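**Q** Each chain is listed here by its residues.
There are 2 protein chains.
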Amino acid sequence: MPVKVAVNGYGTIGKRIAHALLKSPDFELVGIAKYNFDYSAVLAHRLGMKIFVPRDKLEEFRKHGVEPEGSIEDLVSEAELVYDASPAGRGAKNKELYVKYKKPAIFQGGEPPEVAEVSYNTLCNFEKALGKSYVRVVSCNTTGLLRVVCSLGSNAVESVFGVIVRRASDPKEDLKGPVSSLALDSAQIPSHHALDAKAVVGDLAVETVAIVAPTTLMHVQVLKIRLRKPAGFEQVVESLESSRRVLLLDAAAGIDTTGKLVELARDAGRPRYDVYENVVLASSLSRSGVELTLVQAVHQEAIVIPENVDAAYAVLNLETDVHKVVEKTNKLLGVGELKYLITTGAK
Amino acid sequence: MPVKVAVNGYGTIGKRIAHALLKSPDFELVGIAKYNFDYSAVLAHRLGMKIFVPRDKLEEFRKHGVEPEGSIEDLVSEAELVYDASPAGRGAKNKELYVKYKKPAIFQGGEPPEVAEVSYNTLCNFEKALGKSYVRVVSCNTTGLLRVVCSLGSNAVESVFGVIVRRASDPKEDLKGPVSSLALDSAQIPSHHALDAKAVVGDLAVETVAIVAPTTLMHVQVLKIRLRKPAGFEQVVESLESSRRVLLLDAAAGIDTTGKLVELARDAGRPRYDVYENVVLASSLSRSGVELTLVQAVHQEAIVIPENVDAAYAVLNLETDVHKVVEKTNKLLGVGELKYLITTGAK
Numbered sequence: 001m002p003v004k005v006a007v008n009g010y011g012t013i014g015k016r017i018a019h020a021l022l023k024s025p026d027f028e029l030v031g032i033a034k035y036n037f038d039y040s041a042v043l044a045h046r047l048g049m050k051i052f053v054p055r056d057k058l059e060e061f062r063k064h065g066v067e068p069e070g071s072i073e074d075l076v077s078e079a080e081l082v083y084d085a086s087p088a089g090r091g092a093k094n095k096e097l098y099v100k101y102k103k104p105a106i107f108q109g110g111e112p113p114e115v116a117e118v119s120y121n122t123l124c125n126f127e128k129a130l131g132k133s134y135v136r137v138v139s140c141n142t143t144g145l146l147r148v149v150c151s152l153g154s155n156a157v158e159s160v161f162g163v164i165v166r167r168a169s170d171p172k173e174d175l176k177g178p179v180s181s182l183a184l185d186s187a188q189i190p191s192h193h194a195l196d197a198k199a200v201v202g203d204l205a206v207e208t209v210a211i212v213a214p215t216t217l218m219h220v221q222v223l224k225i226r227l228r229k230p231a232g233f234e235q236v237v238e239s240l241e242s243s244r245r246v247l248l249l250d251a252a253a254g255i256d257t258t259g260k261l262v263e264l265a266r267d268a269g270r271p272r273y274d275v276y277e278n279v280v281l282a283s284s285l286s287r288s289g290v291e292l293t294l295v296q297a298v299h300q301e302a303i304v305i306p307e308n309v310d311a312a313y314a315v316l317n318l319e320t321d322v323h324k325v326v327e328k329t330n331k332l333l334g335v336g337e338l339k340y341l342i343t344t345g346a347k
Numbered sequence: 001m002p003v004k005v006a007v008n009g010y011g012t013i014g015k016r017i018a019h020a021l022l023k024s025p026d027f028e029l030v031g032i033a034k035y036n037f038d039y040s041a042v043l044a045h046r047l048g049m050k051i052f053v054p055r056d057k058l059e060e061f062r063k064h065g066v067e068p069e070g071s072i073e074d075l076v077s078e079a080e081l082v083y084d085a086s087p088a089g090r091g092a093k094n095k096e097l098y099v100k101y102k103k104p105a106i107f108q109g110g111e112p113p114e115v116a117e118v119s120y121n122t123l124c125n126f127e128k129a130l131g132k133s134y135v136r137v138v139s140c141n142t143t144g145l146l147r148v149v150c151s152l153g154s155n156a157v158e159s160v161f162g163v164i165v166r167r168a169s170d171p172k173e174d175l176k177g178p179v180s181s182l183a184l185d186s187a188q189i190p191s192h193h194a195l196d197a198k199a200v201v202g203d204l205a206v207e208t209v210a211i212v213a214p215t216t217l218m219h220v221q222v223l224k225i226r227l228r229k230p231a232g233f234e235q236v237v238e239s240l241e242s243s244r245r246v247l248l249l250d251a252a253a254g255i256d257t258t259g260k261l262v263e264l265a266r267d268a269g270r271p272r273y274d275v276y277e278n279v280v281l282a283s284s285l286s287r288s289g290v291e292l293t294l295v296q297a298v299h300q301e302a303i304v305i306p307e308n309v310d311a312a313y314a315v316l317n318l319e320t321d322v323h324k325v326v327e328k329t330n331k332l333l334g335v336g337e338l339k340y341l342i343t344t345g346a347k
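Quick mapping for you: the protein sequence lines, in order, are chains A and B. Here the first sequence is numbered in the working numbering, starting from 1 and rising by one per residue. Here the second sequence is numbered in the working numbering, starting from 1 and rising by one per residue.
To be clear, the hints were calculated from the coordinates, so they are not data collected in a lab. Please note that a few of the clues may not be correct.
Any copy, or any two copies together, can satisfy a pair, since identical chains are not distinguished.
Stated by the list, open to error - Taking lysine to any residue pairs in the SDA-like style, the calculated list, with each CA pair at most 20 angstroms apart, reads:
no.	residue 1	residue 2
1	324	244
2	172	36
3	50	25
4	23	268
5	172	266
6	103	316
7	260	271
8	260	35
9	63	339
10	63	283
11	172	270
Just so it is clear, the structure is predicted and the values come from calculations on it, not from any experiment.
Working from the sequences, and respecting the hints, build out all of it.
**A** Here it is, written out as structure tokens:
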């Protein structure tokens with residue numbers, strides 16, 4: 001019997017989680033919670049999703065031809081697991097409802113770490129999430145950074161220095177910026193990414209600085225990683241590629257910008273041009289003794305979706321072998337297929 | 001028997017035409033011509049497309065695991081119709097080859113009008129392309145403008161004044177600009193769009209001014225149309241929507257920017273987020289006596305694809321009824337489905 005799952009919030013992350021659940025034989029999407037009417041309610045409705053809305057919004061949705069299934073509380077009470085994909089900071093408030101109905105919940109990185117028992121990344125601490133009630137999937141840039149660190153093995157890493165050039169907004173967020181300047185992401189150094197990474201891997205020596213750039217497509221990270229022992233180039237490549245969540249892009253593919261990377265995703269038929277993988281430009285990967293430098297692109301809208309799906313297996317104790325979970329989720333979403341497409345030609 | 005068609009050039013327009021042909025029962029894609037190796041050759045190869053390359057590039061493609069089927073000349077000689085989707089200006093040179101092999105060809109708007117017997121838009125002059133050997137589908141902005149004019153009926157239009165705010169480059173074109181200024185598109189007024197529109201509808205009184213803006217997603221056009229006779233609002237809406245190539249977007253959909261429009265296309269599962277329709281913001285549509293004002297978005301990568309498919313039916317005399325052709329192409333590409341999705345909710 002598939003597990004009944006609810007998605008609370010139908011924005012950038014929520015709609016992607018909901019679409020993933022629709023395709024999975026292991027989960028049944030009970031419904032989505034939507035707080036304001038717009039076109040996406042119509043699309044979701046037509047895909048057969050049940051829509052739950054705040055009690056005072058029932059009429060608004062009806063007026064536009066979308067009959068709500070019930071209230072947000074109804075949705076939570078019907079589910080066995082809730083994904084909280086509400087705007088940053090709202091999840092911590094929503095938690096009261098999950099506690100009231102005794103439902104386990106998976107939160108997003110916009111919430112404070114205290115919202116959950118575990119701040120989570122599959123490749124780093126899957127086991128810690130097993131059977132937990134409240135798990136927080138860390139945000140896009142932290143997920144991108146941790147995938148690299150934990151693919152190499154967090155014990156093998158002495159320190160990480162990362163400069164993150166962040167996209168200013170998602171494509172649909174017209175009122176965020178900057179639109180023409182570069183800005184320091186937060187007044188303090190390190191940026192929250194280092195703190196978040198430590199919330200997952202407690203003893204990681206990591207410093208991050210984030211600069212916001214006027215683009216919507218993807219983040220770019222420049223990572224300088226100091227290893228405890230020298231590692232061969234082949235060994236590094238093999239480690240990075242082992243989970244298929246990190247894709248090394250051969251220069252022969254002709255892709256050297258985030259714009260061209262999005263074009264690849266569009267051409268490859270990825271839904272919403274979603275790139276679930278960290279994309280490391282192979283030409284940027286350099287190694288000198290114990291020092292490793294690389295440049296990678298991180299698709300902020302999509303990269304945490306695999307980890308969100310993985311986390312459900314852990315929370316529900318559905319599958320306790322991390323390798324099997326990664327394989328299942330990769331297959332469900334097509335993670336790693338881009339690599340296959342490219343190295344076929346570029347080997 | 002499906003007609004054998006070749007696509008010469010596999011960039012923004014060529015790959016979209018090729019993908020459309022793959023889905024059509026009326027055409028058989030003989031192959032595509034590709035001039036330089038990159039990832040898209042691998043993707044095309046894996047989709048089963050035959051790839052033809054310049055003789056001196058055979059080795060380059062082989063080296064990357066893509067076995068070419070033959071030379072560009074082989075491709076042309078095997079086809080019954082050629083789409084020329086080469087970079088602007090190259091099509092006129094390629095024409096020598098089409099003449100040599102006596103193959104009809106459909107050119108793009110980047111070529112000079114003289115390359116063809118007819119500059120073409122389906123809603124304006126489909127009949128003129130019937131049985132012709134060389135037809136030129138006018139460029140994206142001109143197509144967007146002409147669809148509106150000819151939906152209203154070019155005879156019903158006294159004059160058109162259009163201000164086009166052009167996207168600076170396609171998403172993958174990293175070296176085009178401007179990236180931060182606004183620029184006048186060409187030194188002269190009117191811009192080429194008015195001249196192109198007249199190449200299709202000879203006696204149209206039309207003036208256009210184009211400004212280039214730093215964005216990649218879509219163009220936006222502000223049109224002021226003077227009608228010969230006053231028309232009712234309902235009548236205007238009905239005319240615009242009759243072909244389903246012009247979509248009026250209700251304000252309730254919550255879409256008021258090109259970014260949100262792209263998000264809609266992504267959410268609706270449009271391949272490559274392609275928007276084939278002119279998208280008129282219903283809230284912008286205003287009428288005062290004989291004057292009509294509207295604002296519409298034009299997706300530069302996708303909007304000419306329906307017209308390219310239509311043109312093949314005309315050139316080959318496969319179907320001489322323009323309404324049937326529009327219906328066939330709309331069905332093939334899913335043109336008009338977005339309207340259906342939205343007005344379901346917003347009526």
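**Q** Compare the structure with each hint and give your call.
**A** To see whether the hints hold, each was checked on the structure:
{"no.": "1", "hint": "324 with 244", "result": "within (13 angstroms within a copy, 47 angstroms between copies)"}
{"no.": "2", "hint": "172 with 36", "result": "within (16 angstroms within a copy, 34 angstroms between copies)"}
{"no.": "3", "hint": "50 with 25", "result": "within (18 angstroms within a copy, 36 angstroms between copies)"}
{"no.": "4", "hint": "23 with 268", "result": "both (19 angstroms within a copy, 16 angstroms between copies)"}
{"no.": "5", "hint": "172 with 266", "result": "both (17 angstroms within a copy, 11 angstroms between copies)"}
{"no.": "6", "hint": "103 with 316", "result": "within (11 angstroms within a copy, 63 angstroms between copies)"}
{"no.": "7", "hint": "260 with 271", "result": "both (16 angstroms within a copy, 16 angstroms between copies)"}
{"no.": "8", "hint": "260 with 35", "result": "between (35 angstroms within a copy, 18 angstroms between copies)"}
{"no.": "9", "hint": "63 with 339", "result": "between (46 angstroms within a copy, 18 angstroms between copies)"}
{"no.": "10", "hint": "63 with 283", "result": "between (55 angstroms within a copy, 19 angstroms between copies)"}
{"no.": "11", "hint": "172 with 270", "result": "both (18 angstroms within a copy, 16 angstroms between copies)"}
When the structure is compared with the earlier hints, no violation turns up for any of them.
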